[in-house]
Amino acid sequence: MQTTESRPVRFALTALTLAFLGVFLVVPLAAVFWEALSKGWDLYAAALVEYEAWQAIKLTLIAAAIAVPLNLVFGVAAAWAIARFDFRGKSLLTTLIDLPFSVSPVVAGLMYVLLFGVNSAIGGWLAAHDIQIIFAVPGIVLATVFVTFPFVARELIPLMQAQGQEEEQAALVLGASGWQTFWRVTLPNVKWGLLYGVILTNARAMGEFGAVSVVSGHIRGETNTIPLHVEILYNEYNFVGAFACASILALLALVTLAVKTYVEWRIERQHTASLIRTQQAREALA
Amino acid sequence: MNLIAKRYSVLPGFGLSLGYALFWLGLIVLLPFAALALTASTLGWTAFIEQVSAPRVLASLQLSFGAALIAAAVNALMGFLVAWVLVRYTFPGKRFVDALIDLPFALPTAVAGIALTTIYAPNGWLGRYLEPLGVKVAFTPLGIVVALIFVSLPFVVRTVQPVLEDLEKELEEAATCLGADRWQIFRRVIFPAVLPALLTGSAMAFARATGEFGSVIFIAGNIPLVSEIAPLIIISKLEQFDVAGATAVAVVMLALSFFVLFLINLLQWWTARRHGMK
Chain A
112 MQTTESRPVR FALTALTLAF LGVFLVVPLA AVFWEALSKG WDLYAAALVE YEAWQAIKLT
172 LIAAAIAVPL NLVFGVAAAW AIARFDFRGK SLLTTLIDLP FSVSPVVAGL MYVLLFGVNS
232 AIGGWLAAHD IQIIFAVPGI VLATVFVTFP FVARELIPLM QAQGQEEEQA ALVLGASGWQ
292 TFWRVTLPNV KWGLLYGVIL TNARAMGEFG AVSVVSGHIR GETNTIPLHV EILYNEYNFV
352 GAFACASILA LLALVTLAVK TYVEWRIERQ HTASLIRTQQ AREALA
Chain B
3 MNLIAKRYSV LPGFGLSLGY ALFWLGLIVL LPFAALALTA STLGWTAFIE QVSAPRVLAS
63 LQLSFGAALI AAAVNALMGF LVAWVLVRYT FPGKRFVDAL IDLPFALPTA VAGIALTTIY
123 APNGWLGRYL EPLGVKVAFT PLGIVVALIF VSLPFVVRTV QPVLEDLEKE LEEAATCLGA
183 DRWQIFRRVI FPAVLPALLT GSAMAFARAT GEFGSVIFIA GNIPLVSEIA PLIIISKLEQ
243 FDVAGATAVA VVMLALSFFV LFLINLLQWW TARRHGMK
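Chains A and B are the protein sequences, given in the same order. With my numbering, letter number 239 in the first sequence gets 350, and the count goes up by one each step, no holes. With my numbering, letter number 15 in the second sequence gets 17, and the count goes up by one each step, no holes.
To be clear, the hints were calculated from the coordinates, so they are not data collected in a lab. Bear in mind the structure is a predicted one, so any value in this text is a computation, not a measurement. A virtual CB, placed ideally from N, CA and C, is assigned to each residue, including glycine. Some clues are possibly wrong.
[To be verified] Derived lysine-lysine pairs resembling DSBU-like cross-links, with alpha carbons at most 35 Å apart:
{"#": "1", "chain 1": "B", "residue 1": "K96", "chain 2": "A", "residue 2": "K371"}
{"#": "2", "chain 1": "A", "residue 1": "K150", "chain 2": "B", "residue 2": "K96"}
{"#": "3", "chain 1": "A", "residue 1": "K150", "chain 2": "B", "residue 2": "K138"}
{"#": "4", "chain 1": "A", "residue 1": "K302", "chain 2": "A", "residue 2": "K169"}
{"#": "5", "chain 1": "A", "residue 1": "K150", "chain 2": "A", "residue 2": "K371"}
{"#": "6", "chain 1": "A", "residue 1": "K302", "chain 2": "A", "residue 2": "K201"}
{"#": "7", "chain 1": "A", "residue 1": "K371", "chain 2": "A", "residue 2": "K201"}
{"#": "8", "chain 1": "A", "residue 1": "K302", "chain 2": "B", "residue 2": "K138"}
{"#": "9", "chain 1": "B", "residue 1": "K96", "chain 2": "B", "residue 2": "K171"}
{"#": "10", "chain 1": "B", "residue 1": "K138", "chain 2": "B", "residue 2": "K96"}
{"#": "11", "chain 1": "A", "residue 1": "K371", "chain 2": "B", "residue 2": "K171"}
{"#": "12", "chain 1": "A", "residue 1": "K150", "chain 2": "A", "residue 2": "K302"}
{"#": "13", "chain 1": "A", "residue 1": "K201", "chain 2": "A", "residue 2": "K150"}
[Stated by the list, open to error] Which residues of chain A face chain B? A partial, calculated answer using Cβ under 7 Å:
{"#": "14", "residue": "W191"}
{"#": "15", "residue": "E278"}
{"#": "16", "residue": "E279"}
{"#": "17", "residue": "A282"}
{"#": "18", "residue": "E347"}
{"#": "19", "residue": "N349"}
{"#": "20", "residue": "A361"}
With the hints as extra help, turn the sequences into a complete structure.
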């Protein structure tokens, strides 16, 4: 019985899809590496070890190193509360957690400027105590935490809901404490989803542009992250430098995609394995 | 008092995990929103209307929403096609292509911006062939649409794909037995089932595209009244210490994001109800 299209139609649709993805995804990606290496490896390497580029890389790493663990702990706590308990206002809480995704990064940055800027109550107090948040590293970290806020929770909640809580209940019945249950049962079960959430948070944290751009103040060598440094170099027509720094971020993106594919494969395998285990247990009982 | 009453569960840690989550949510998300709301409330209606109806602001809002709408429409069509081909056909390298779909999520927007600008510049890889045809992409509103198509590409694919995978083959077989041709089956059987997911994905793509900044500013050319997007207006107002003006534009953008968010929730509720009825 024919439940698919004729061969020429299939071929034409596949070709059209690949052409579209080629033009919109592959060509831009290839262009980054092509432009970065267009003047040879020496200039490429030189662009990366330059002082300001190095400072930007360092700041990016610092911001991610603070933002990722904060969001990791938040994500796990939120997922535990949402996926393991029923309470009133749960869907409201889920919506609020997703909120940073639907806000323009520029608006997010603006909100932090309004909160900590000199005109606000908090900003006035901070200025009086000589603490700088906006146009300094803390502002960059806060903006980064905001834009990457939902990632870990979003990966974990559906995963934990799908797995159910029978295994945790069994552990508790067998006398494990709450923490033991969490470390030995829950965490191993969700580790791949958690890893992907962290990788995604990290990629976005290192690559964020709009929100960080608003709060950073663009002080060269001080408050420039890699994406902001890319912008400066590009606007100065230093294309090799701009694309060299951009190529690090593009590599990071490729690593992220590879991890994602691997994690999906692992979760699928874990799922199949648990199905087989259930099946075997049933057969053993029968 | 019973606002957050939990149903009985043997698992521990409810108070701790929820308390911690609410604390961070308040600190990182709600507090900045409150700051924006507070600043906006000091503006007053007339000042707000005056700020938002300035020609440059109006033009930028129109451009941001218009370009996002076009990009979402293109992605609705092409994203559906991509999902269709990935689910239903086989071709060499399919797994690799499937992984590549998420590239716009993983690639920093500034990187995408400079790459697209270089490609579509008059002497770029694609720009040099488009230029003789009279099509200018870089530094025009068309370039903005191209950048927005890139950043919002995965949404429709990733929402439609699982629905297509779950479609029951038997329905199509039954339709074929009853004498329907492929096109009729697509229109009457497949498309209605996929429609809610397609709309949800398009709405997400639209929401993402309206607020996009990094990939757009490089390719847009940023000519006032022609190719200046709303987020850029916020930044330039902020740089001129016009906090009131920046806040007013931000409020309009936020209002629209909330509206789209509401729409997406409505669509998801609709989808859930349809699945529940089956």
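Hints, one by one, checked against the model:
1. B/K96 with A/K371: With a Cα-Cα distance of about 16 Å, the restraint between B/K96 and A/K371 holds, given a limit of 35 Å.
2. A/K150 with B/K96: Within the cut-off at roughly 34 Å; holds.
3. A/K150 with B/K138: 27 Å, holds
4. A/K302 with A/K169: Since the Cα atoms of A/K302 and A/K169 sit roughly 28 Å apart, the hinted pair holds (cutoff 35 Å).
5. A/K150 with A/K371: 33 Å, holds
6. A/K302 with A/K201: 24 Å, holds
7. A/K371 with A/K201: Answer holds: A/K371 to A/K201 is near 28 Å, not above 35 Å.
8. A/K302 with B/K138: 48 Å, violated
9. B/K96 with B/K171: 21 Å, holds
10. B/K138 with B/K96: 33 Å, holds
11. A/K371 with B/K171: With Cα atoms ~29 Å apart, A/K371 and B/K171 stay inside 35 Å; holds.
12. A/K150 with A/K302: Violated. A/K150 to A/K302 sits at ~43 Å, over the 35 Å cutoff.
13. A/K201 with A/K150: Distance of about 55 Å is beyond 35 Å: violated.
14. W191: Nearest chain B Cβ about 4 Å off; hint holds.
15. E278: Given a least distance of 11 Å, the restraint on A/E278 is violated.
16. E279: This hint holds: A/E279 lies near chain B, its Cβ roughly 6 Å from the closest one there, short of 7 Å.
17. A282: With a minimum Cβ separation of about 10 Å from chain B (threshold 7 Å), the hint on A/A282 is violated.
18. E347: 12 Å, violated
19. N349: Violated. Min distance 11 Å.
20. A361: This interface hint holds because 6 Å falls under the 7 Å limit.
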